[in-house]
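*Asks:* Below, each chain spelled out in residue letters.
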Amino acid sequence: MSSQVIFGQLVVGLINGSFYALLSLGFAIIVGLLGIINVAQGTFYMLGAFGSWMLLNYLGIGYWPALVLSPLGAALLGMLLEKTLISRVYHLDHIYGLLLTYGLMMFIMGAFIYFYATAGRPYPVPEELRGGYDLGFMFLPKYRAWVVLMAVVFCFGTWYAIEKTAIGRTLRAATENPQLTRAFGINVPALLTFGFGVGVALAGFAGVMAAPIYSVSPLMGGDLVIVIFAVVVVGGMGSILGSIVTAFSLGLLEGLAKVVYPQGSNMVIFVIMLVVLLVKPAGLFGHEK
Amino acid sequence: MADALSLAIADLHAFYGDSHVLHGVSLDIPAGECVTIIGRNGAGKTTTLRSIMGLIQKRTGSIKIAGQDVIAAPPEKVARLGVAYVPEERGIYATLDVTENLLLPRKVNDRGMSIDDIYALFPNLKERRRSQGTRLSGGEQQMLAIARVLRTGASLFLLDEPTEGLAPVIVQQIGKAIELMKSQGHTIVLVEQNFRFATKIADRHYVMERGRIIDMIPRAEVAAKATQIQQYLGI
Numbered sequence: 001m002s003s004q005v006i007f008g009q010l011v012v013g014l015i016n017g018s019f020y021a022l023l024s025l026g027f028a029i030i031v032g033l034l035g036i037i038n039v040a041q042g043t044f045y046m047l048g049a050f051g052s053w054m055l056l057n058y059l060g061i062g063y064w065p066a067l068v069l070s071p072l073g074a075a076l077l078g079m080l081l082e083k084t085l086i087s088r089v090y091h092l093d094h095i096y097g098l099l100l101t102y103g104l105m106m107f108i109m110g111a112f113i114y115f116y117a118t119a120g121r122p123y124p125v126p127e128e129l130r131g132g133y134d135l136g137f138m139f140l141p142k143y144r145a146w147v148v149l150m151a152v153v154f155c156f157g158t159w160y161a162i163e164k165t166a167i168g169r170t171l172r173a174a175t176e177n178p179q180l181t182r183a184f185g186i187n188v189p190a191l192l193t194f195g196f197g198v199g200v201a202l203a204g205f206a207g208v209m210a211a212p213i214y215s216v217s218p219l220m221g222g223d224l225v226i227v228i229f230a231v232v233v234v235g236g237m238g239s240i241l242g243s244i245v246t247a248f249s250l251g252l253l254e255g256l257a258k259v260v261y262p263q264g265s266n267m268v269i270f271v272i273m274l275v276v277l278l279v280k281p282a283g284l285f286g287h288e289k
Numbered sequence: 001m002a003d004a005l006s007l008a009i010a011d012l013h014a015f016y017g018d019s020h021v022l023h024g025v026s027l028d029i030p031a032g033e034c035v036t037i038i039g040r041n042g043a044g045k046t047t048t049l050r051s052i053m054g055l056i057q058k059r060t061g062s063i064k065i066a067g068q069d070v071i072a073a074p075p076e077k078v079a080r081l082g083v084a085y086v087p088e089e090r091g092i093y094a095t096l097d098v099t100e101n102l103l104l105p106r107k108v109n110d111r112g113m114s115i116d117d118i119y120a121l122f123p124n125l126k127e128r129r130r131s132q133g134t135r136l137s138g139g140e141q142q143m144l145a146i147a148r149v150l151r152t153g154a155s156l157f158l159l160d161e162p163t164e165g166l167a168p169v170i171v172q173q174i175g176k177a178i179e180l181m182k183s184q185g186h187t188i189v190l191v192e193q194n195f196r197f198a199t200k201i202a203d204r205h206y207v208m209e210r211g212r213i214i215d216m217i218p219r220a221e222v223a224a225k226a227t228q229i230q231q232y233l234g235i
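Protein sequences, first through last, are from chains F and L.
Take the first sequence: its position 47, counting from 1, is numbered 47 in our numbering, and each next residue is one higher.
Take the second sequence: its position 107, counting from 1, is numbered 107 in our numbering, and each next residue is one higher.
Bound-form chain F, shown alone:
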């Protein structure tokens, strides 16, 4: 086995880990703050990718503006859905939030399949990020390095915003005790809408990042939700740091499995989830309640 193969798969693992991280970060914020298991997280990822494809093909707007506009559009749609639909199930059992977002996912995905069919559509790598670096032991495409860099920056940025800033302090308080937080003059319902918007925007952003790597299709993101769910469970429900660390590690392990035992590479994440649930049911970074 050549080192080229191993490093190649590790980079693929790192890329996958980057997407897992961005998506599960948003998922963790939403589940922590709103108590909603957002099955539609992968749909917002698809919307982010499709948004950038539409901007390019209908309006001639390229990658860089799309990197901002597309997640913003996804967030606006998400906040609208939160205000009109999702906020109505907060007082009910978690299963209702799961079913509602599952329905939203089916609806949005179905609409896109109706209009665009399931074939993948290509999205060009932006000119500035074409080519790559020859590292001696392997060739690293620039765009892949960019994805990993952005994922790390956004993960750190989100973690910092939540742990070290005033808005993060308020979000943490609202997560822990929403009613009392309202009694301190904080408009928690508005904060929940904002939190959902942030979580969804992260998914949309991941979608734009993914567009040039994977082809853009209504089906993208569908099976990703299952992996995201595993990542969040392994990391510990609602733990931001847990989601980030777990996402990157599981991505890498998955890549490594492709070299060592390719047949099992799709399974490895779920085997780890099983073991973690047996040994530490609250997840690696979670706290027992």
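Heads up, some of the hints might be wrong.
Claimed, not checked - Computed list of lysine-lysine pairs in DSS-like fashion (alpha-carbon distance at most 27 Å, straight line):
hint, chain 1, residue 1, chain 2, residue 2
1, F, 83, L, 77
2, F, 164, L, 126
3, F, 83, L, 58
4, L, 182, L, 200
5, L, 107, L, 77
6, L, 200, L, 225
7, L, 182, L, 225
8, L, 107, L, 182
9, L, 176, L, 126
10, L, 176, L, 200
11, L, 126, L, 182
12, F, 164, L, 176
In short, the hints are calculated from the structure, not lab data.
We have chain F already, so just place chain L on it with the hints.
*Replies:* Leaving out everything else, chain L in the frame of chain F:
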């Protein structure tokens, strides 16, 4: 001196689900007065405070803060009028450290105490300012719960059993903080089991039983009515 807020409650009914907890509570507290609500466990004292704060959704009647009816207002709106709440369970956030707990409540105006003044009043909290909220002792948590609302500039304080289960030396410190609120002209509604503590501070005492106000005792009559009060409290 802050412009304190008056509180007038008329015919307040409150419900937890299907159970009817308050049966027509009426209170009239002029701005700047300090009153206690006393009574046995389960009389509805905590529910009264939670209703004022908007933390109980199902309620009818009228609750006027400085003349403004807040019976339909959400908690954040009541808080922004200048009402501060110290809950019985203290409500210290485990995911926030001491300083973050202090900084959490939204300021109502700039008349509140500065962080430095608050730490001068409660030196223990300053020593522990980097500790997670729930690593504190019971007494420190209570100090933090009170310190937290001193910063916002609120002028109507709802305090739910601030001395419950605390050592005498801590009770003294809490008493000092409440005296300070009083000297600044704030309105205080204190739910208290410790009647000795209550009589030292309050101008009047409302007695609650089974979701109703059954008596009102001004400070001057406390000595004369001692046996009756004992009976009310079931001592």
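*Asks:* Next step is simple, just say for each hint if it's right about the structure.
*Replies:* Taking the hints in turn, this is what the structure says about them:
no., hint, verdict
1, F:83 - L:77, "holds, 19 Å"
2, F:164 - L:126, "holds, 19 Å"
3, F:83 - L:58, "holds, 23 Å"
4, L:182 - L:200, "holds, 12 Å"
5, L:107 - L:77, "holds, 13 Å"
6, L:200 - L:225, "holds, 16 Å"
7, L:182 - L:225, "holds, 25 Å"
8, L:107 - L:182, "holds, 20 Å"
9, L:176 - L:126, "holds, 17 Å"
10, L:176 - L:200, "holds, 11 Å"
11, L:126 - L:182, "holds, 24 Å"
12, F:164 - L:176, "violated, 33 Å"
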